[in-house]
Amino acid sequence: MLKVYNTLSRSKEEFRPQEENTVRMYVCGPTVYDYPHIGNARSFAVFDTIRRYLEYKGYRVYFVTNFTDIDDKMINRAKEEGITVADLASKFIAEYRIIADQLNLKPASINPRATEHIDDIVEMVELIVKNGKGYAVDGDVYFDVSAWKDYGVLSRISTEDLTAGARVEVDEKKQDPRDFALWKAKKPGEPSWDSPWGKGRPGWHAECSVMGKHYLGLPFDIHGGGQDLIFPHHENEIAQSAAAYGIKTPVKYWLHNGFLTLNAEKMSKSEGGFSTAREVLDNYDPQAVRLYLVSGQYRQPLDYSEKVLKQAIQSLERIKNAADTLRGRITILERKGSRESKADTKLSEAVNKLREGLQKEMDDDFNTPGALAEVFTFIREINTHTKDVGGAAVLRESLAALIELVGILGINLTLEETVASAESGDLLKDAIELLLELREDARKAKDYSVADKIRDRLGELGVTVSDTKDGSTWKMS
RNA sequence: GCCGGUUUGGCGGAGCAGUUACGCGAUGGAUUGCAGAUCCAUUCUACUUGGGUGCAAAUCCCAAAGCCGGCUCCA
Numbered sequence: 002m003l004k005v006y007n008t009l010s011r012s013k014e015e016f017r018p019q020e021e022n023t024v025r026m027y028v029c030g031p032t033v034y035d036y037p038h039i040g041n042a043r044s045f046a047v048f049d050t051i052r053r054y055l056e057y058k059g060y061r062v063y064f065v066t067n068f069t070d071i072d073d074k075m076i077n078r079a080k081e082e083g084i085t086v087a088d089l090a091s092k093f094i095a096e097y098r099i100i101a102d103q104l105n106l107k108p109a110s111i112n113p114r115a116t117e118h119i120d121d122i123v124e125m126v127e128l129i130v131k132n133g134k135g136y137a138v139d140g141d142v143y144f145d146v147s148a149w150k151d152y153g154v155l156s157r158i159s160t161e162d163l164t165a166g167a168r169v170e171v172d173e174k175k176q177d178p179r180d181f182a183l184w185k186a187k188k189p190g191e192p193s194w195d196s197p198w199g200k201g202r203p204g205w206h207a208e209c210s211v212m213g214k215h216y217l218g219l220p221f222d223i224h225g226g227g228q229d230l231i232f233p234h235h236e237n238e239i240a241q242s243a244a245a246y247g248i249k250t251p252v253k254y255w256l257h258n259g260f261l262t263l264n265a266e267k268m269s270k271s272e273g274g275f276s277t278a279r280e281v282l283d284n285y286d287p288q289a290v291r292l293y294l295v296s297g298q299y300r301q302p303l304d305y306s307e308k309v310l311k312q313a314i315q316s317l318e319r320i321k322n323a324a325d326t327l328r329g330r331i332t333i334l335e336r337k338g339s340r341e342s343k344a345d346t347k348l349s350e351a352v353n354k355l356r357e358g359l360q361k362e363m364d365d366d367f368n369t370p371g372a373l374a375e376v377f378t379f380i381r382e383i384n385t386h387t388k389d390v391g392g393a394a395v396l397r398e399s400l401a402a403l404i405e406l407v408g409i410l411g412i413n414l415t416l417e418e419t420v421a422s423a424e425s426g427d428l429l430k431d432a433i434e435l436l437l438e439l440r441e442d443a444r445k446a447k448d449y450s451v452a453d454k455i456r457d458r459l460g461e462l463g464v465t466v467s468d469t470k471d472g473s474t475w476k477m478s
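Here the working numbering is used: the first residue of the first sequence is 2, the next is one more, and so on.
Please note that a few of the clues may not be correct.
[Unchecked claim] When the alpha-carbon atoms are kept at most 27 Å apart in a straight line, the in silico BS3-like pairs for lysine-lysine are as follows: (1) Lys476 / Lys447; (2) Lys187 / Lys337; (3) Lys58 / Lys253; (4) Lys253 / Lys347; (5) Lys107 / Lys253; (6) Lys361 / Lys107; (7) Lys74 / Lys187; (8) Lys354 / Lys308; (9) Lys321 / Lys131; (10) Lys249 / Lys150; (11) Lys388 / Lys343; (12) Lys347 / Lys337; (13) Lys388 / Lys107; (14) Lys74 / Lys249; (15) Lys337 / Lys476; (16) Lys445 / Lys430; (17) Lys188 / Lys80; (18) Lys4 / Lys253; (19) Lys80 / Lys92; (20) Lys131 / Lys107; (21) Lys200 / Lys92; (22) Lys253 / Lys321; (23) Lys188 / Lys200; (24) Lys361 / Lys347; (25) Lys80 / Lys174; (26) Lys249 / Lys4; (27) Lys174 / Lys337; (28) Lys354 / Lys388; (29) Lys58 / Lys80; (30) Lys134 / Lys92; (31) Lys253 / Lys388; (32) Lys361 / Lys337; (33) Lys58 / Lys347; (34) Lys430 / Lys321; (35) Lys361 / Lys13.
[To be verified] Label-pair ranges, simulated between beta-carbon atoms: (36) Lys174 / Ala374: 34 to 44 Å; (37) Ala432 / Arg61: 44 to 54 Å; (38) Ala87 / Gly140: 20 to 30 Å; (39) Arg98 / Ser147: 37 to 47 Å.
Treat the hints as calculated values from the structure; they're not laboratory data.
Keep in mind it's a predicted model, so treat the numbers as computed, not measured.
Just so you know, even glycine gets a beta-carbon here, dropped at the ideal spot from N, CA and C.
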C-alpha cells in the first residue's frame with residue numbers, strides 16, 4: 002500500500018487516486034527565462050521518479066508539467082537581451098529539453114505553455130470576479146483574499162502574519178496587501194492579450210490552475226513542486242480554483258520536494274560554481290547526477306558538493322559493473338552451454354527479495370535511499386553468486402529486474418548495449434569472440450605477451466576484456 | 001516578527017522503540033598469470049545537548065542550542 006506525504010495534512014496518507022488505475026498529476030515546471038539550475042534538476046528528477054514508480058505499480062499516469070513563458074522575469078530578461086519574450090521562451094525551452102534528456106526524464110504527457118491558455122485564464126478570472134472573489138482596478142484584477150476564508154489551508158500561514166510579512170509590497174491598487182494579481186494591465190512594450198479589463202497578461206498563479214483543470218480536470222490526484230511554491234503559488238492556486246469553480250480543493254495530494262543546498266563557500270570559490278544544471282551535467286556523468294539527485298529522500302534537504310558527486314559516480318559504477326557481470330556470465334554460458342546449479346536458486350531468491358524490498362521502500366513515501374539500499378543488497382548477491390550460476394534464465398531474469406528497478410530511479414543500464422543490436426553487430430561480435438578464442442589459447446600456453454597484446458589492442462579499440470574463472474568476457478566502452 | 005524543516009560513523013544517507021541499513025572513502029586480507037571486477041574483515045555498539053516516559057529511546061514527550069529555508073511571482 003502506497004503512502005504519500007501530503008503537505009495539505011502534513012502527514013503520510015494512503016494513496017488512492019480518484020479513478021482506479023489512473024493517476025493524474027501536475028508538476029510546476031520552470032519559468033523559461035534562464036538556464037535551469039541544479040535545484041530545478043532535483044525537482045525534475047524527483048517527480049520523474051515518482052511518476053515512474055506509479056507506472057511500475059501499474060497506474061496509467063497522466064503527467065502534465067508546464068512552461069511559464071510569460072511573467073515579469075520573462076519580460077525583464079527579454080528586454081535585457083534585446084529579444085522578444087517568445088524567442089526567450091524558445092531558447093530556454095530548448096535548453097530545458099537538453100537537461101531533461103540528460104537527466105533521463107520521461108517525456109511528459111504534455112508540456113503546456115501559459116501563453117497557449119490565455120483564453121482559459123481570462124475565463125477563470127472572469128468567474129472569480131463574477132463570484133465576488135476578485136476585483137478589477139485600472140485594468141489589473143486582484144484576488145480578494147478577505148473573501149476566501151480558507152486562505153492559508155496549505156501553507157498554514159495565518160493571514161494576520163502575512164500582513165506583517167517583511168516582503169509584502171504596498172500597492173495602492175490593492176484593497177488589502179494580501180491580495181494577489183490575477184491579471185496585470187499592459188505596460189508599454191510588454192506582450193499583451195485582450196481581456197474584458199483591457200489589454201494585459203495573466204498573473205503567475207492563474208496559469209497552473211487553468212492548465213491543471215484543462216488537461217486533468219478538477220480535482221486531480223497529485224500536484225507537485227518545490228517547497229518554495231507552497232506559498233504563495235500553490236496557496237493561491239487553491240484559492241483561485243475554489244473561487245472560480247466552487248470546489249473545495251483542486252488537488253487531492255500535494256507533494257513538495259526539499260531544497261538542494263549548496264555549500265556556498267566552497268562553491269563560490271571553485272571557478273564560478275556549479276549553479277546551473279548544465280554546468281553540473283557537463284562536468285559529471287549525467288547518470289551519476291541523476292543518481293545523486295535521488296540519493297536522498299525527496300522531502301529532505303540535499304547538499305550539493307563535488308565530493309558527493311564523486312561518491313555518486315562510484316556508486317553508479319558499482320551498479321553498472323553488476324550488470325556487466327551478469328551480461329558476461331550470460332555470454333560465457335552461451336559458449337559453454339547452460340546447466341542449472343544451486344547458485345541459481347540463491348540468485349532467484351535475491352531477485353524476489355529485491356522486488357519486495359524495493360516496493361516496500363518506495364511505498365513509504367518514495368523512499369529512494371531505501372530503494373537504493375535494496376538494489377545494492379541485490380548487487381552483492383549478484384556479485385557473490387553469478388560466477389557459480391549455471392542457468393542463463395536466472396541471469397536474464399536478474400538483469401531484467403536490475404534494469405527495470407534502477408530504471409525507476411532514472412538510471413538507464415541499457416545504454417551500453419548498442420553493439421549487439423547494431424546491424425553489423427553479429428560480424429563484429431563473431432570477430433571479437435574469435436580474438437578471444439585465440440587469446441584463450443595463448444593463455445593456456447602461458448604466452449602472456451600475446452594474450453596481453455590482444456587485450457590491450459582491443460582496449461584501444463574500445464573493447465574491454467575481463468577474465469573470469471570460466472572464460473573471458475568483453476564489452477564495448 | 002511569523003511559519004516550516006533539519007542535527008545519525010571520515011563523508012553521503014536510511015531507520016523512527018528492542019537485532020548488520022546501504023553507498024562512498026580508508027586500512028588489512030582473499031581471489032586472479034597480470035589487469036579489471038569481486039568477496040571478507042576493520043574503521044562501525046554512530047545517533048546536537050539537557051530533562052522526562054518506558055523493561056527498553058537515535059526512535060515517543062518537554063526544553064535548549066546549532067544550521068537551513070519560506071513569508072507575493074524562486075524547484
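Now for the hints, and whether the structure bears them out:
1. Between the alpha carbons of Lys476 and Lys447 the distance comes to roughly 24 Å, so the proposed pair stays at or under 27 Å and holds.
2. A threshold of 27 Å between alpha carbons decides the hint, and for Lys187 with Lys337 the separation of about 76 Å lies outside it, so the pair is violated.
3. Taking the CA atoms of Lys58 and Lys253, the gap is near 19 Å; set against the 27 Å cutoff, the hint holds.
4. Pair hint Lys253 plus Lys347 does not hold up; C-alpha atoms about 43 Å apart against a cutoff of 27 Å.
5. Restraint check: the Cα-Cα separation between Lys107 and Lys253 comes to about 23 Å, which is no more than 27 Å; the hinted pair holds.
6. For the hint linking Lys361 to Lys107, the alpha-carbon distance of about 23 Å falls within 27 Å, and the restraint holds.
7. With a C-alpha separation of about 15 Å, the suggested pair Lys74 and Lys187 falls inside the 27 Å cut-off, and the hint holds.
8. Taking the CA atoms of Lys354 and Lys308, the gap is about 31 Å. The hint is violated against a cut of 27 Å.
9. A hinted pair counts as satisfied when its Cα atoms are at most 27 Å apart, and Lys321 with Lys131 does not qualify at roughly 59 Å.
10. At roughly 12 Å between alpha-carbon atoms, Lys249 and Lys150 fall within 27 Å of each other, so this suggested pair holds.
11. About 12 Å separates the Cα atoms of Lys388 and Lys343, which keeps this hinted pair within 27 Å; it holds.
12. Of the supplied pair hints, the one linking Lys347 and Lys337 holds, its CA atoms being roughly 21 Å apart against a limit of 27 Å.
13. Taking the CA atoms of Lys388 and Lys107, the gap is near 35 Å; set against the 27 Å cutoff, the hint is violated.
14. Between the alpha carbons of Lys74 and Lys249 the distance comes to roughly 31 Å, so the proposed pair goes past 27 Å and is violated.
15. Taking the CA atoms of Lys337 and Lys476, the gap is about 18 Å. The hint holds against a cut of 27 Å.
16. Simply put, Lys445 and Lys430 have alpha-carbon atoms about 22 Å apart, close enough for the 27 Å limit, and the pair holds.
17. Among the hinted pairs, Lys188 with Lys80 is consistent with the structure: their alpha-carbon atoms are about 13 Å apart, no more than 27 Å.
18. Between Lys4 and Lys253, the direct Cα distance comes to roughly 13 Å. Compliance with the 27 Å bound is thereby established for this hinted pair.
19. Our distance criterion of 27 Å between C-alpha atoms is met by Lys80 and Lys92, whose separation comes to about 14 Å.
20. Between the alpha carbons of Lys131 and Lys107 the distance comes to roughly 40 Å, so the proposed pair goes past 27 Å and is violated.
21. At roughly 26 Å between alpha-carbon atoms, Lys200 and Lys92 fall within 27 Å of each other, so this suggested pair holds.
22. Between Lys253 and Lys321 the alpha-carbon distance is near 38 Å, which puts this suggested pair outside the 27 Å criterion.
23. For the hint linking Lys188 to Lys200, the alpha-carbon distance of about 9 Å falls within 27 Å, and the restraint holds.
24. Restraint check for Lys361 and Lys347: the C-alpha separation of about 21 Å stays at or below 27 Å, so the hint holds.
25. In summary, the hint linking Lys80 to Lys174 is supported, as the alpha carbons are separated by about 26 Å, within the 27 Å threshold.
26. Between Lys249 and Lys4 the CA atoms are separated by roughly 23 Å; this keeps the pair inside 27 Å, and the hint holds.
27. This hinted pair does not check out: Lys174 and Lys337 have alpha carbons roughly 82 Å apart, beyond 27 Å.
28. The hinted pair formed by Lys354 and Lys388 meets the criterion: a straight-line CA distance of about 20 Å does not exceed 27 Å.
29. For a cut-off of 27 Å, the pair hint linking Lys58 to Lys80 is broken: about 47 Å separates their Cα positions.
30. Our distance criterion of 27 Å between C-alpha atoms is broken by Lys134 and Lys92, whose separation comes to about 37 Å.
31. Distance restraint check for Lys253 and Lys388: the Cα-Cα separation of roughly 49 Å exceeds the 27 Å cut-off, and the hinted pair is therefore not satisfied.
32. Proposed proximity of Lys361 and Lys337 is contradicted: the alpha carbons are some 38 Å apart, above 27 Å.
33. A C-alpha spacing of about 25 Å is found between Lys58 and Lys347, which places the hinted pair at or below 27 Å, so the restraint holds.
34. With a CA separation close to 21 Å, the supplied pair Lys430 and Lys321 stays within the 27 Å bound.
35. For the suggested pair Lys361 and Lys13, the alpha carbons sit about 15 Å apart, so the restraint of at most 27 Å is met.
36. The hint said 34 to 44 Å for the Cβ distance between Lys174 and Ala374, and at roughly 55 Å that hint is violated.
37. Here the CB-CB span from Ala432 to Arg61 is close to 45 Å, well matched to the stated 44 to 54 Å.
38. The hinted range of 20 to 30 Å is satisfied by Ala87 and Gly140, whose Cβ atoms lie roughly 22 Å apart.
39. Under the hint 37 to 47 Å, the C-beta atoms of Arg98 and Ser147, about 42 Å apart, fit the expected range.
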